[in-house]
Amino acid sequence: MRSMRARASGRRLAVVLVLVATAMFGTSAPVAGAKASISVVGGVTAGPNDYPWAAYIVFHNTTACEGTLIAPQWVLTAAHCVLVSAQLGGTSPTWPPSLVQITLGHAHLTHTSADAQITPSQVLVDPLYTDTTGLNDLALLELPTPATEQPVHIVAPSEARLWTPGVAAGTVVGWGATIENGAAVNDLMAATMPILSDSACQATVSGYDPTMMLCAGLLGVGGRDACQGDSGGGLLVPNGPGLWRVAGTVSFGVGCARPYDPGVYMRLAAPALYNWIFATATGLEYPVASFTVTPSKPVAGQRLTLRSTRPTRPVWLCRRRRGILATAGSATRAGRRSRQRCRWPAH
2 MRSMRARASG RRLAVVLVLV ATAMFGTSAP VAGAKASISV VGGVTAGPND
52 YPWAAYIVFH NTTACEGTLI APQWVLTAAH CVLVSAQLGG TSPTWPPSLV
102 QITLGHAHLT HTSADAQITP SQVLVDPLYT DTTGLNDLAL LELPTPATEQ
152 PVHIVAPSEA RLWTPGVAAG TVVGWGATIE NGAAVNDLMA ATMPILSDSA
202 CQATVSGYDP TMMLCAGLLG VGGRDACQGD SGGGLLVPNG PGLWRVAGTV
252 SFGVGCARPY DPGVYMRLAA PALYNWIFAT ATGLEYPVAS FTVTPSKPVA
302 GQRLTLRSTR PTRPVWLCRR RRGILATAGS ATRAGRRSRQ RCRWPAH
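Counting from 2, one number per residue, gives the positions in the sequence shown under my numbering.
Heads up, a few of these hints could be off.
Cβ-Cβ distance ranges computed for the label pairs, FRET-style [to be verified]:
1) H61 with P145: 15 to 25 Å
2) Y261 with S86: 22 to 32 Å
3) V300 with Q151: 43 to 53 Å
4) V222 with K298: 51 to 61 Å
Don't read these hints as lab results, they were simulated from the structure. The C-beta atom is built at its ideal place from N, Cα and C for all residues, glycine as well.
The whole structure should be built from the sequences, with the hints applied where relevant.
So this is what it looks like as structure tokens:
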């Protein structure tokens, strides 16, 4: 078992993972106009419109991470990215929004300008995050106005087939280094690798929690990975030709592209993570609940059994007056609707 640590250094890098991401870091940002060096271990240059949701995030002009646009006004990243380091003398637990700059829709960073940088209106951290275990390593950045770039949606718990550990593969994309402690780059890069089985992750990653984490890499081979600057980037999986879902966010790892040190990501379909994201962010899309009814042709007065066919989140059944049934995303939200009684979730 190898111990893992968050990949955060004093430099700026960011990498957006698409499909299979890898370990994360924060590194120094590339200088506009500087010659681009290699990026994303084992990767290739991404097209200018391949990953419009990829977000490059700079904190106080000193460190950088990555994020994913999951809704028009929300960027998902890692909690450890937004927490002010004690050695920097911060007085707030998180970077104030005024010191955070987000760049969206620019695969080549030298083509950006100050006008392209967005200052978030809010920086929110999962309240259950702890750096001792690495669990709940998520943060949300709210944009002041809706972005024009296309967001990518979070994978639903019912879509596990898209990211099954030991079966699925993914692609990490970003501006991170291509070697350990390497320099940040200007061109967005992409690399593909498998999402490993939970048993393989537990055998190689100290503290790996299969209920909340995923890991990815070429086990026993290495050579493909995210690197410094990739913290907070999205681990995406394909959902049909040209379509994606984000299944994880880069959290921590050891080194870059080592044969027996896969990168670790937050498992976004885990109920605790999925529910926090949807309870916090507005404008997110998720499948509308539908149900199977037993018996299929009930008669008046007969007891019915309803089971959700798309358990993307708990769906509460609400009884209105006159026996009419309705649904709601939570008992609290349901209770706000007049004349409804919501007493049990349908899973």
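Now for the hints, and whether the structure bears them out:
no.: 1; hint: H61 with P145: 15 to 25 Å; result: holds (19 Å)
no.: 2; hint: Y261 with S86: 22 to 32 Å; result: holds (29 Å)
no.: 3; hint: V300 with Q151: 43 to 53 Å; result: holds (48 Å)
no.: 4; hint: V222 with K298: 51 to 61 Å; result: holds (56 Å)
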